[in-house]
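Number of protein chains: 2
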Amino acid sequence: MASDATPPPIDQMAATTLKDDGPESLALWAQFSDRVLIRSIVCRSDGGAGLAGQKVRVGGWVKTGREQGKGSFAFLELNDGSCLANLQVIVDKDVSSLEQLVQTGTCIYVQGELKKPPEGTKQKVELRVEKVIDVGLVDPSKYPLPKTKLTLEFLRDLVHLRPRTNTISAVARIRNDLAYATHTFFQKHGFLYVHTPIITTSDCEGAGEMFQVTTLFSDSDKLEKELKENPPPAESEIEAAKLLVKEKGDIVSQLKSAKASKEEISTAVSELTRAKDSLASLEERSKFKPGLPQRDGKIDYSRDFFARQAFLTVSGQLQVEGFVCALSSVYTFGPTFRAEHSHTSRHLAEFWMVEPEMAFADLKDNMNCAEAYVRFLCQWLLDNCLDDMEFMVKNFDKTAIDRLKMVASTPFERISYTEAVQRLENVTDKKFENKVEWGIDLASEHERYLTEVIFKKPVIVYNYPKEIKAFYMRLNDDMKTVAAMDVLVPKVGELIGGSQREERYEVIEKRILDMGLPLEPYDWYLDLRRYGPVKHCGFGLGFERMVLFATGIDNIRDVIPFPRYPGRADL
Amino acid sequence: MASDATPPPIDQMAATTLKDDGPESLALWAQFSDRVLIRSIVCRSDGGAGLAGQKVRVGGWVKTGREQGKGSFAFLELNDGSCLANLQVIVDKDVSSLEQLVQTGTCIYVQGELKKPPEGTKQKVELRVEKVIDVGLVDPSKYPLPKTKLTLEFLRDLVHLRPRTNTISAVARIRNDLAYATHTFFQKHGFLYVHTPIITTSDCEGAGEMFQVTTLFSDSDKLEKELKENPPPAESEIEAAKLLVKEKGDIVSQLKSAKASKEEISTAVSELTRAKDSLASLEERSKFKPGLPQRDGKIDYSRDFFARQAFLTVSGQLQVEGFVCALSSVYTFGPTFRAEHSHTSRHLAEFWMVEPEMAFADLKDNMNCAEAYVRFLCQWLLDNCLDDMEFMVKNFDKTAIDRLKMVASTPFERISYTEAVQRLENVTDKKFENKVEWGIDLASEHERYLTEVIFKKPVIVYNYPKEIKAFYMRLNDDMKTVAAMDVLVPKVGELIGGSQREERYEVIEKRILDMGLPLEPYDWYLDLRRYGPVKHCGFGLGFERMVLFATGIDNIRDVIPFPRYPGRADL
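So the protein sequences, as listed, match chains E and B. So for the first sequence, our numbering puts the first residue at 1; every next one is plus one. So for the second sequence, our numbering puts the first residue at 1; every next one is plus one.
The set of hints was computed from the structure by calculation and includes no laboratory data. Just so you know, not all the hints are guaranteed correct.
Since the list can't tell identical chains apart, any single copy or any two copies may satisfy a pair.
What the hints assert, rightly or not - Okay, derived cross-link-like pairs now, DSS-like style, lysine-lysine, Cα gap no bigger than 30 Å in a straight line: (1) K469 - K431; (2) K142 - K298; (3) K225 - K122; (4) K510 - K142; (5) K225 - K149; (6) K131 - K188; (7) K289 - K228; (8) K115 - K188; (9) K298 - K287; (10) K188 - K394; (11) K222 - K510; (12) K222 - K469.
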């Protein structure tokens, strides 16, 4: 196989036997083998009808199969995950034994001819198999994913197999599209993608529950093993080494006072040096103690990998501000972490965040950007993921597509925090669990009432009381509020949080101190206000929240491939 | 500012006063404020000449400034990081005091009219300022980035400011383009982007130096604080509580034998329950000990956040295989970690990897994909980053653009490991530090000799001895080699490592056991071979290696925004 590998010219690499039928070139969907994605057949505007007569190779897993015509042939519904729809595949018993092929979960790689099915059938094209290239068998009595409907909760115990289900694969495709749409949106607007660090020695929020990153445990395990194999020197060994140093030192003194030759002295000195080195190494080893390194009764983090305590990031914002104060329009898109013991359907210990940051821009510009971004994402899904969205509507949330359409086409409501509180105080038809008054942090019930009941569309609430927001948010002229904004959407509530950043040196220094935070760790951050400061702003979008919003799925653990939460980090 | 926020219609959000002059719409480069990126002016095909007469707002940092005409006006070279080139800005002393504006590092946001400069000047357009909207001052005596040339090593101590230098901002733009080109390439070929986990309980390579992720230290700190404020119960308190339980128990017994009323008994029982609860809680608290939780003399990881030891991922490959065995073409692009004490110019503790995985594909298909991807990246940079690449050629590596052109246009050489070893054994004009013989892992010197001297183009070496490769690589029919491949390129050596994966259940089970690894942690991975297995393959590209290859920069610490290595994790 590999031995006959010859380098194909680059322009043939994506070649395929299929012809294009539209602006989205089908050739692009060919793989680097001879295989054609099922998506490039059944998701054509003609449903694949125009491909009848073409010879293709396809691979996939059998969703359902049945023998027909007294076992003379089999119908297989084949899915390769490239789209929701299956390709109908027909295999004659002369081509392959059928019994194994019809089992749900069997993997097949086949070659055949695309044909027009008989009039009146649903599909526009089907594949008549001429050759079975490969089969991956499954024992139906043991397969954990039978045809019967499984709950999402049950599937959480099978994170390695659940992508084979219609729901999880549809979510994966929607998630993929939201990610690529995110990059496309920011790239098209001239933002540069910056990889902020995952391991950090800054605490962005000043109060986050953070995971610590360490090699102390493994270092200590290694040391313990080493000490067992090679015990530390006994006191007597060290004494002997000390004695040797003294002897060698005496010899050097004697030779010097005896005015011996240079060579003699230098030989003696090098022997002394060797004895000293040997003593130092023994003394060093004698200090080795099993267990974690300690100093003054505390863990000695100077012995950790980074020579200090290090953590997993809770946000890339502070670091990306260094880049916005140079590159002027940047964004991050990466994993972030919270070590909170939350067991809700809205929290994960590991999740992905999108954080754009713009220079020469204020809170209004920030709102413009956030609104344009969210509406772009919604329109993208309507344009590119309609099949998967229809599946969501049918199975999880009747309003999912309507919600996307509404958000894509409706200007967001924008109201100040003060006005939002007034509106909520005037509500008479509902009793909130959390009391509403100026100064509170809006609870999820308030946020959802604003967007779902009062305005029935996305709402941007801005200018929050400074007491409930972070130190880096810009103080407004009223000295009571900061230039913060939250974007609230139906179904999930807060989707985006952002602010204009405080660019004034004296003001931010005072804010840090007022909040009881130390200045020293923020010295680099203050540098950005010392040297050519710029008005800037930014926001963070919780990527899984956006997937929840789009799909209508209820639990955040089902919209990330490998959910991490207290007690669980499978694989 | 925020109070007059009104929602603009979506189609006006990216509007600009500038007209398009080519296929890449200039309108896209407008921001969500009134600002226009300098890139959208000076990087037009006409150098901006066609924009003369337009009124624009631009912002940026002054690279160099000088007063002219006896202080009647100033020339400023303004850069906003959107491209390498500066915009020449002219300010009259009537518009603003000039002394501060001309300092290197000053931030200005200005409005003015674009004009054709006098004949014979280099630039095609310049901005005559009508209004200075904002200025961010800098004290030139304290600014850490004076005009003089600074070494990359010196700049590593200023990771928050170094993006303001030409080199680091050019690298940031090239890195951004490589990232977006990566997504574009895989999306165009029908691959789905999958977020594999960062925190993992699997060790992909079976032998990696991994960072551990824990909350044990902070939990222990919290407990210690708690115990200080609220000490554990004294022995006497517990004795008293035990006595109370006994008394309440006796009362219940007495009432029962005295056949008291149901009410009396039930009251006594609930008092007993309360006493028992109180005792249990005291006993629980009495077990609290300061320090890390222990069990049988070892750290008790069942008390850690994930109820077991958890680590930072070294590769998303194993997990993404669960997705390829369902979605058939997938890729990851995320951070990975190695806790190696390497102080070389080629290693980082935190770095980004691109890992595509394809089903129904063998090693040859894998090579086709890897080659097409690398050539696509090179062509992308030639098409989109030529200015920055020319800067690299001028300042760091004369051959950088030639290298990109060569790779983009040259089919890669493909030779087996056996042939590569033979070729190296026949080398007479160079003495290698590491001896060459069949069975060795090729050293960097060998890899670079193959690609730089023998073939003078990228080389894919395939079919390596099984002993030097991971258990998951597919065993070839010769039973001696596995279907692995490495892509070697001039300047960096190994850029990509990949393989066809072992899909045969019996073979991979035996390989795991032969390597002395336990089966249990791989049980989920074996499931992928139990249920509808598929031939599949994939590879990993070290993203920073690709940036090094493209830019010609020597040290990997200069091509990632926030480098992490032993002893250093700034910010």
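Okay, the hints, checked on the actual structure:
For a Cα distance limit of 30 Å, the shortest separation of K469 from K431 inside one copy, 26 Å, qualifies, whereas the shortest one across copies, 64 Å, does not. When the C-alpha separation of K142 and K298 is checked against a cutoff of 30 Å, the pair qualifies neither within a copy, at 52 Å, nor between copies, at 38 Å. Taking CA atoms no more than 30 Å apart as the test, K225 paired with K122 passes in neither setting, with 67 Å inside one copy and 68 Å between copies. In the homo-oligomer, the alpha carbons of K510 and K142 lie at most 30 Å apart only across protomers (22 Å), although the nearest pairing inside one protomer, at 65 Å, exceeds that limit.
For a Cα distance limit of 30 Å, the shortest separation of K225 from K149 qualifies neither inside one copy, at 50 Å, nor across copies, at 50 Å. Taking CA atoms no more than 30 Å apart as the test, K131 paired with K188 passes between copies only; the shortest distance there is 29 Å, against 46 Å inside one copy. Taking CA atoms no more than 30 Å apart as the test, K289 paired with K228 passes in both settings, with 11 Å inside one copy and 28 Å between copies. Taking the shortest alpha-carbon separations for K115 and K188, only the inter-copy value of 27 Å comes in at or below 30 Å, while the best intra-copy value is 41 Å.
Proximity of K298 and K287 under a CA criterion of 30 Å is satisfied in both settings, with 17 Å inside one chain copy and 21 Å between copies. In this assembly of identical chains, the alpha carbons of K188 and K394 lie at most 30 Å apart only when taken from different copies (29 Å versus 34 Å within one copy). For the homomeric pair K222 and K510, the shortest alpha-carbon distance between copies (29 Å) is at most 30 Å, but the shortest distance inside one copy (47 Å) is not. Taking identical chains as interchangeable, the C-alpha atoms of K222 and K469 lie at most 30 Å apart only when they sit on different chains, with a minimum of 25 Å there against 45 Å within one chain.
Checked against the numbered hints given earlier, this structure breaks hints 2, 3, 5; the rest are met.
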